[in-house]
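Asker: All chains, please: the whole structure from these sequences, using the hints.
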Amino acid sequence: MTFINYASREINCKIVYYGPGLCGKTTNLQHIFESTAPQSRGKLISLATETDRTLFFDFMPLELGTVRGFKTRFHLYTVPGQVFYDASRKLILKGVDGVVFVADSQEERMDANVESLYNLEENLQTQGYDLMKLPYVLQLNKRDLPNIIPAEEIAAELRRKEEPVVEAVAANGAGVFDTLKAVAKQVLTELRKG
Amino acid sequence: MADTPLLLRERQYHQIKAVLARLRLDSDAKLVFLVDKDGQEIASSGELGSIDTTSLASLAAGNVAATGGMAQLIGEKEFPTLSHEGERESIHISVIGRLLLIVVFDERSSLGLVKLRSRQVSQQLAAMVDEISKEEFSDEDSAFGEITDEDIDSLFQ
Numbered sequence: 001m002t003f004i005n006y007a008s009r010e011i012n013c014k015i016v017y018y019g020p021g022l023c024g025k026t027t028n029l030q031h032i033f034e035s036t037a038p039q040s041r042g043k044l045i046s047l048a049t050e051t052d053r054t055l056f057f058d059f060m061p062l063e064l065g066t067v068r069g070f071k072t073r074f075h076l077y078t079v080p081g082q083v084f085y086d087a088s089r090k091l092i093l094k095g096v097d098g099v100v101f102v103a104d105s106q107e108e109r110m111d112a113n114v115e116s117l118y119n120l121e122e123n124l125q126t127q128g129y130d131l132m133k134l135p136y137v138l139q140l141n142k143r144d145l146p147n148i149i150p151a152e153e154i155a156a157e158l159r160r161k162e163e164p165v166v167e168a169v170a171a172n173g174a175g176v177f178d179t180l181k182a183v184a185k186q187v188l189t190e191l192r193k194g
Numbered sequence: 001m002a003d004t005p006l007l008l009r010e011r012q013y014h015q016i017k018a019v020l021a022r023l024r025l026d027s028d029a030k031l032v033f034l035v036d037k038d039g040q041e042i043a044s045s046g047e048l049g050s051i052d053t054t055s056l057a058s059l060a061a062g063n064v065a066a067t068g069g070m071a072q073l074i075g076e077k078e079f080p081t082l083s084h085e086g087e088r089e090s091i092h093i094s095v096i097g098r099l100l101l102i103v104v105f106d107e108r109s110s111l112g113l114v115k116l117r118s119r120q121v122s123q124q125l126a127a128m129v130d131e132i133s134k135e136e137f138s139d140e141d142s143a144f145g146e147i148t149d150e151d152i153d154s155l156f157q
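Chains as they are written, first to last, in my numbering: chain B, 1 to 194; chain G, 1 to 157.
Bear in mind the hints are in silico, worked out from the structure with no lab data behind them. There's no promise every hint is true.
What the hints assert, rightly or not - Derived DEER-like restraints, expressed as beta-carbon distance ranges:
{"#": "1", "chain 1": "G", "residue 1": "A126", "chain 2": "B", "residue 2": "T189", "range": "29 to 37 Å"}
{"#": "2", "chain 1": "G", "residue 1": "E150", "chain 2": "B", "residue 2": "E122", "range": "34 to 42 Å"}
{"#": "3", "chain 1": "B", "residue 1": "G69", "chain 2": "G", "residue 2": "E136", "range": "15 to 23 Å"}
{"#": "4", "chain 1": "G", "residue 1": "S50", "chain 2": "B", "residue 2": "K71", "range": "41 to 49 Å"}
{"#": "5", "chain 1": "B", "residue 1": "E34", "chain 2": "G", "residue 2": "E76", "range": "17 to 25 Å"}
{"#": "6", "chain 1": "B", "residue 1": "R9", "chain 2": "G", "residue 2": "A18", "range": "48 to 56 Å"}
{"#": "7", "chain 1": "G", "residue 1": "D151", "chain 2": "B", "residue 2": "E162", "range": "16 to 24 Å"}
{"#": "8", "chain 1": "G", "residue 1": "K134", "chain 2": "B", "residue 2": "T189", "range": "23 to 31 Å"}
{"#": "9", "chain 1": "B", "residue 1": "T49", "chain 2": "G", "residue 2": "T67", "range": "16 to 24 Å"}
{"#": "10", "chain 1": "G", "residue 1": "E76", "chain 2": "B", "residue 2": "D111", "range": "51 to 59 Å"}
Please read these numbers as outputs of a predicted model, since none were measured by experiment. Glycine included, C-beta positions come from ideal geometry on N, C-alpha and C.
Answerer: This is how it looks when you write it as structure tokens:
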């Protein structure tokens, strides 16, 4: 839920990165963290297992700049992608303003993408949200790997509305900021409409 | 669609800060802050020092969300308070509706005192936030309606 603090002149929004296990959600945040000047971001908090699989969430606050005298701060979260962490995913979605679905472009992960997207829709519904009305971007990650499905095919399967589709290689940063920009624009546009 | 925004006017912010400052004094705490259950920091009072309150707010909200999930699994609605005792510093969290009241204290205070004082201000804070949650966009918020595509694009240059 967008929080506007008139005293500190801040707009705070929450964006959640969703997707199946090992699709690149945490990698997106890590790249944003490493590429952003320290004064424009906070710490990257990662609650992870010993093998660096996200256990609960990753979190990073990001300050994009000032709009009409208000600092715009985005709180970026990732959910744990492994199937059995569904209870945690539900909790992280609470108060969401925008969602990025990170799809794994590899052929053998297509079923996992579909299952995760269905899970996203279900969990959003449980929280009272409708994906069709929420700021949303579809990222097709791992476009550098050899065994990938053509982007048009994945998009045809996963696209839910006319959401922006961004091809990415989060491991080297390609498409990461384009994705973030696309979802942030939608969130701020919604605020303007409000 | 996403929820309607939560609007905190200056007057309300200063009222909340005054309550938190009073609580901090009455409970001999180091730091008191108010956080939305979504992890958004609303206001704070006390010895911030080098504490990263943004991260602390997010983690506290995650903590409460996780334990709330556990509570529901055993038939409880939620756990209204959570306490974490460290060697020198401790944290007490009170759930007040959609807010979390977080008190950081050390040997200058005690859990009992913090719990008592937190309970005493919880109704007052709940009423304040109830007022905040009913705020809607008004004429003074026209600036948001005037945000242009160029304004948004300039954030990414």
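Asker: It remains to establish, for every hint, whether it holds in the given structure.
Answerer: Each hint, compared with the structure:
1. A126/G to T189/B: 29 to 37 Å: 33 Å, holds
2. E150/G to E122/B: 34 to 42 Å: Hint holds: Cβ distance 38 Å, inside 34 to 42 Å.
3. G69/B to E136/G: 15 to 23 Å: Given about 20 Å between the Cβ atoms, the range holds.
4. S50/G to K71/B: 41 to 49 Å: 21 Å, violated
5. E34/B to E76/G: 17 to 25 Å: 41 Å, violated
6. R9/B to A18/G: 48 to 56 Å: This hint is violated: roughly 20 Å between Cβ atoms.
7. D151/G to E162/B: 16 to 24 Å: 23 Å, holds
8. K134/G to T189/B: 23 to 31 Å: 25 Å, holds
9. T49/B to T67/G: 16 to 24 Å: Hint holds: Cβ distance 19 Å, inside 16 to 24 Å.
10. E76/G to D111/B: 51 to 59 Å: 37 Å, violated
Of the numbered hints stated above, those contradicted by the structure are hints 4, 5, 6, 10, listed in ascending order.
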